[in-house]
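There are 2 protein chains.
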Amino acid sequence: MDILKVRDRVIFNPEKLKKVSLFDTENFFCDVYCFEPGQSQKVHSHDGSDKVYYVLEGRGKVTVGSEEKEMGPDEITIAPSGEDHGVVNHTQDKLVMLVFMAPKP
Amino acid sequence: MDILKVRDRVIFNPEKLKKVSLFDTENFFCDVYCFEPGQSQKVHSHDGSDKVYYVLEGRGKVTVGSEEKEMGPDEITIAPSGEDHGVVNHTQDKLVMLVFMAPKP
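Chains as they are written, first to last, in this note's numbering: chain B, 1 to 105; chain U, 1 to 105.
Since the hints were derived computationally from the structure, they do not count as laboratory data.
Quick caveat: nothing in here was measured; it's all calculated off a predicted structure.
Treat the hints with caution; some may be incorrect.
One copy or two, either will do: identical chains are not told apart, so a pair holds if it fits within one copy or between any two.
To be verified - Okay, derived cross-link-like pairs now, DSS-like style, lysine-lysine, Cα gap no bigger than 27 Å in a straight line:
| no. | residue 1 | residue 2 |
| --- | --- | --- |
| 1 | Lys19 | Lys94 |
| 2 | Lys19 | Lys104 |
| 3 | Lys19 | Lys5 |
| 4 | Lys16 | Lys61 |
| 5 | Lys5 | Lys94 |
Construct the complete structure from the given sequences, taking the supplied hints into account.
Here you go:
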């Protein structure tokens, strides 16, 4: 039984968004996304898989479908299967999100 | 696009563990589990579905398989498909967890 302290897994990459895998099973991914200021996950979509974004630290603009909204700590949203989604850290601070996607694409 | 503030969804039930559904799709459940002191989720298992527990607030003892370990804020663990798992709030404080399970059983 592995217990992970999520903040201890946070790592940044000056080049691009750093995705840190926490759990990767046959059924889903559970990752931490670590954005330096200005970094982003480009808007994309995947049929058949839903994704949840939960903000641990910082603020970012999240796109789902044709909408873009700002999210902050303790806020959660879902990008349903097939809908465009992406994230941009438009702030001067770091942004850390817990991300869950199922099933694996 | 719905953005939910997770702590705003927290509700307790004096009778038993309160599970609050945040997202319920064809692919997974995403819930908040709200335990008053002494409340628990009985040890159980489900073949084919993995579950992730992430502690938002408080402390609890989590069983996975034959192990029981204490978890606190910002700690995360996984109960793989088919393994026994459960939670008990053995403390005098409230315990709040974010829980993902996929696929739906």
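Taking the hints in turn, this is what the structure says about them:
no., hint, verdict
1, Lys19 <-> Lys94, "within (14 Å within a copy, 31 Å between copies)"
2, Lys19 <-> Lys104, "both (15 Å within a copy, 25 Å between copies)"
3, Lys19 <-> Lys5, "both (16 Å within a copy, 23 Å between copies)"
4, Lys16 <-> Lys61, "within (16 Å within a copy, 37 Å between copies)"
5, Lys5 <-> Lys94, "both (18 Å within a copy, 20 Å between copies)"
Comparing the model with each earlier hint shows no violations; every hint is respected.
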